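2 protein chains.
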Amino acid sequence: MRYAVLGTGQVGHTLGGRLVELGHEVRLGSRTRDNTAAVQWAAAAGPAGSAGTFAEAAEFGEVVVNAVGGRVALAALEAAGAQNLEGKVVVDVSNPLAYEEGELRLSPVGSDSVGEQIQRAFPHARVVKSLNTVNCRVMVDPASVPGEHNVFVCGDDPGAREQVTALLGEFGWPADRVLDLGGIRAARAVEMWLPLWVGLFQKFGHGEFNLEVRRAR
Amino acid sequence: MRYAVLGTGQVGHTLGGRLVELGHEVRLGSRTRDNTAAVQWAAAAGPAGSAGTFAEAAEFGEVVVNAVGGRVALAALEAAGAQNLEGKVVVDVSNPLAYEEGELRLSPVGSDSVGEQIQRAFPHARVVKSLNTVNCRVMVDPASVPGEHNVFVCGDDPGAREQVTALLGEFGWPADRVLDLGGIRAARAVEMWLPLWVGLFQKFGHGEFNLEVRRAR
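Which chain is which? The protein sequence lines are E and F, in order. The first sequence begins at 1207 in the numbering used here and counts up one residue at a time. The second sequence begins at 1207 in the numbering used here and counts up one residue at a time.
Isolated chain E (complex conformation) (with noise of 0.2 Å):
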């Protein structure tokens, strides 16, 4: 499938490559054509990786993974363009945490998530929101943390959020470990996860730890 990943971060680079693993096309997009850590990423990547601008890429993707940051994400999709995104299951791996007061906080949180505006800017992409509970090596890679730990999906369009799963089985997700909260609101839940994920990353030192939610039945 052909895959459009917005963002030339480490979330980016790690997701572009371990699709373009999976035999998959990788565009990765950017603000501008020349990004130079696009290029080089799809140099390295081989035929089946390419670079372009937002729109370029989203153009190519026939699904829109949003890996820039939760605060720029509605930005780098208006500059992917409504019409690039119409239809088009959008991924959104991000969380809208910045420094503020030299904390590290959410905005929004508690009434509205990225996830929620992404869906309501672009009413015709069918956003779900997905992965952004564990970094981007746990993301592609869940067999290197242990135990039975547990990724989540919410969107709107369950069809959508099935499409995801099934990528996610391909990242190592087996699908009894993918939890669907539903509609795409629970976006706000799955964002508020993070400063207690930035707590444990303080403590351990690193992020490579997933949460396993343990049930009596």
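The hints are simulated quantities; they were obtained by calculation from the structure and are not laboratory data. Hints may be right or wrong, so weigh each one.
Same chains, same names: a pair is fine if it fits in one copy or spans any two.
[To be verified] Straight-line distance between alpha carbons at most 20 Å, and here's what the computed EDC-like set of lysine to aspartate or glutamate pairs gives:
hint : residue 1 : residue 2
1    : K1409     : E1368
2    : K1409     : D1386
3    : K1294     : E1418
4    : K1409     : D1362
5    : K1294     : D1240
6    : K1294     : E1265
7    : K1409     : E1309
Remember, it's a predicted structure, so these values are computed and weren't measured experimentally.
Based on the hints, put chain F in the right spot on chain E.
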């Protein structure tokens, strides 16, 4: 030891009952001395259980457990009286959840927390946030959920965190499953877990679950 448990709802009942079973003396505190739920609880609890106002309970307790809702925690502790909290460990198990616009929301959220509010309002109390991430059955019976699932403590006084960790041990939480997140600022992180807890509660249809943090190293 003598415990004050502020709040006569399910959380207060459950924690108070378990503390009595463990051999402690417990005074359940409420707004009024003749609160029916508290008086009935005390009658059933036997000689180790009693009921009183928030102030009478807090005066009695060597440790004070805040088991009222997070939105009314400050009011309950004001009624308890700063002089009755001074130097004492105050265990805050609350979450500031309430329905707003038809949705369960936290307030404060993101840049503050109930745990921090309490510590600021009562600087001579030794506030520890804990147990707010699980329902009250799991609080006092962690074995009801399978697995090596975790609970958190945070608070500015390391000795108070140790004391609460010991109390958690009495409830059945081995020390290695109690994750110490440091200062009370981390209360905002554990309170922000709640929306995801609520989402899982709605998905499973019950609250007998918890998270286990799995890590690569």
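Hint-by-hint comparison with the structure:
Within a single copy, K1409 and E1368 get their C-alpha atoms only as close as 35 Å, which misses the 20 Å cut-off; across copies the closest is 17 Å, which meets it. In this assembly of identical chains, K1409 and D1386 lie within 20 Å of each other by CA distance solely across copies; the values are 8 Å between and 29 Å within a copy. Taking identical chains as interchangeable, the C-alpha atoms of K1294 and E1418 are never at most 20 Å apart, the minima being 30 Å within one chain and 35 Å between chains. Proximity of K1409 and D1362 under a CA criterion of 20 Å is satisfied inter-copy only: 16 Å between copies versus 35 Å inside one chain copy.
In this assembly of identical chains, K1294 and D1240 lie within 20 Å of each other by CA distance neither inside one copy nor across copies; the values are 26 Å within and 62 Å between. In this assembly of identical chains, the alpha carbons of K1294 and E1265 lie at most 20 Å apart only when taken from the same copy (10 Å versus 62 Å across copies). For the identical chains of this complex, K1409 and E1309 are intra-copy neighbours only, at 16 Å inside a copy versus 33 Å across copies, given an alpha-carbon limit of 20 Å.
Hints 3 and 5 from the list above are not met by this structure, while the remaining hints are.
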